Amino acid sequence: DVKVTQSSRYLVKRTGEKVFLECVQDMDHENMFWYRQDPGLGLRLIYFSYDVKMKEKGDIPEGYSVSREKKERFSLILESASTNQTSMYLCAAKDRDSPLHFGNGTRLTVT
Amino acid sequence: AQSVSQHNHHVILSEAASLELGCNYSYGGTVNLFWYVQYPGQHLQLLLKYFSGDPLVKGIKGFEAEFIKSKFSFNLRKPSVQWSDTAEYFCAARSTGFQKLVFGTGTRLLVSP
Numbered sequence: 001d002v003k004v005t006q007s008s009r010y011l012v013k014r015t016g017e018k019v020f021l022e023c024v025q026d027m028d029h030e031n032m033f034w035y036r037q038d039p040g041l042g043l044r045l046i047y048f049s050y051d052v053k054m055k056e057k058g059d060i061p062e063g064y065s066v067s068r069e070k071k072e073r074f075s076l077i078l079e080s081a082s083t084n085q086t087s088m089y090l091c092a093a094k095d096r097d098s099p100l101h102f103g104n105g106t107r108l109t110v111t
Numbered sequence: 001a002q003s004v005s006q007h008n009h010h011v012i013l014s015e016a017a018s019l020e021l022g023c024n025y026s027y028g029g030t031v032n033l034f035w036y037v038q039y040p041g042q043h044l045q046l047l048l049k050y051f052s053g054d055p056l057v058k059g060i061k062g063f064e065a066e067f068i069k070s071k072f073s074f075n076l077r078k079p080s081v082q083w084s085d086t087a088e089y090f091c092a093a094r095s096t097g098f099q100k101l102v103f104g105t106g107t108r109l110l111v112s113p
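Protein chains in written order, with my numbering: chain A, 1 to 111; chain B, 1 to 113.
Honestly, the hints are just simulated from the structure, not real lab data. Careful: at least some of the hints might be erroneous.
What the hints assert, rightly or not - PhoX-like cross-link-like pairs, simulated, lysine-lysine; straight-line CA separation at most 20 Å:
hint	chain 1	residue 1	chain 2	residue 2
1	A	K57	B	K100
2	B	K58	A	K55
3	A	K53	B	K100
4	A	K70	A	K57
5	A	K71	B	K100
Stated by the list, open to error - Computed Cβ-Cβ distance ranges for the label pairs, DEER-style:
hint	chain 1	residue 1	chain 2	residue 2	range
6	B	E64	A	K3	21 to 31 Å
7	B	A16	A	G16	50 to 60 Å
8	A	R107	B	S5	20 to 30 Å
9	B	S26	A	G40	17 to 27 Å
10	A	E30	B	W83	35 to 45 Å
11	A	D59	B	P55	36 to 46 Å
12	B	S84	A	R9	22 to 32 Å
13	B	S26	A	D51	21 to 31 Å
14	B	S80	A	S67	46 to 56 Å
15	A	F20	B	G97	25 to 35 Å
16	B	A16	A	D97	34 to 44 Å
17	B	R108	A	V12	18 to 28 Å
18	A	S7	B	Q45	15 to 25 Å
19	A	P61	B	S52	24 to 34 Å
Because the structure is a prediction, the values reported are computed rather than measured. In this text, a Cβ means the ideal position worked out from N, Cα and C, and glycines have one as well.
Given these sequences and hints, build the entire structure.
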């Protein structure tokens, strides 16, 4: 079974800090995704990557960037955290025709 | 633009009641459809998926969904819910051959014993 691991379950950061959210998958899947989940808004795609060093913007990329230097690792970066980025962040991985496999999520609070 | 709509934001049912959660999508061309479930405190997991073929798909835990192309719908059903079905349910879609998956806003289901 695919395992997607997010390094932190809970994170508290201050406004203006640079924040790194890390995600690692163990099944050599090509595609990795970052979503944020907010009540009443469902899951919204921030960025995804279909290969090492390749990335594409999702629906809400503003204020975020990503890095994929190795196939198994996909990092989400908040360049300067703001309070409206307080959310649950979900990482997912998939192969061509497989369903998405999600991590447990990182609940980020920006104060 | 591609979008997925879930009509019910909150649903409350008694055990043994029947369930139907609505999902409509707005996509051109062929589409792959999914239902995911998130139990309290757990990560999202796949309930069922439709790629092609029989429009009535069966998933885990007695859930099923029917793809009706003419209505752009993929409603989730279960004949008799249990307390353990209390969770949030998400419909999702993507264009066939593409990897970007778009989710609906979710439906919170509460089943009272």
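Verification of the supplied hints:
no.	hint	in the structure
1	K57/A x K100/B	10 Å, holds
2	K58/B x K55/A	34 Å, violated
3	K53/A x K100/B	17 Å, holds
4	K70/A x K57/A	19 Å, holds
5	K71/A x K100/B	18 Å, holds
6	E64/B x K3/A: 21 to 31 Å	28 Å, holds
7	A16/B x G16/A: 50 to 60 Å	53 Å, holds
8	R107/A x S5/B: 20 to 30 Å	27 Å, holds
9	S26/B x G40/A: 17 to 27 Å	19 Å, holds
10	E30/A x W83/B: 35 to 45 Å	39 Å, holds
11	D59/A x P55/B: 36 to 46 Å	28 Å, violated
12	S84/B x R9/A: 22 to 32 Å	24 Å, holds
13	S26/B x D51/A: 21 to 31 Å	29 Å, holds
14	S80/B x S67/A: 46 to 56 Å	47 Å, holds
15	F20/A x G97/B: 25 to 35 Å	32 Å, holds
16	A16/B x D97/A: 34 to 44 Å	36 Å, holds
17	R108/B x V12/A: 18 to 28 Å	26 Å, holds
18	S7/A x Q45/B: 15 to 25 Å	21 Å, holds
19	P61/A x S52/B: 24 to 34 Å	31 Å, holds
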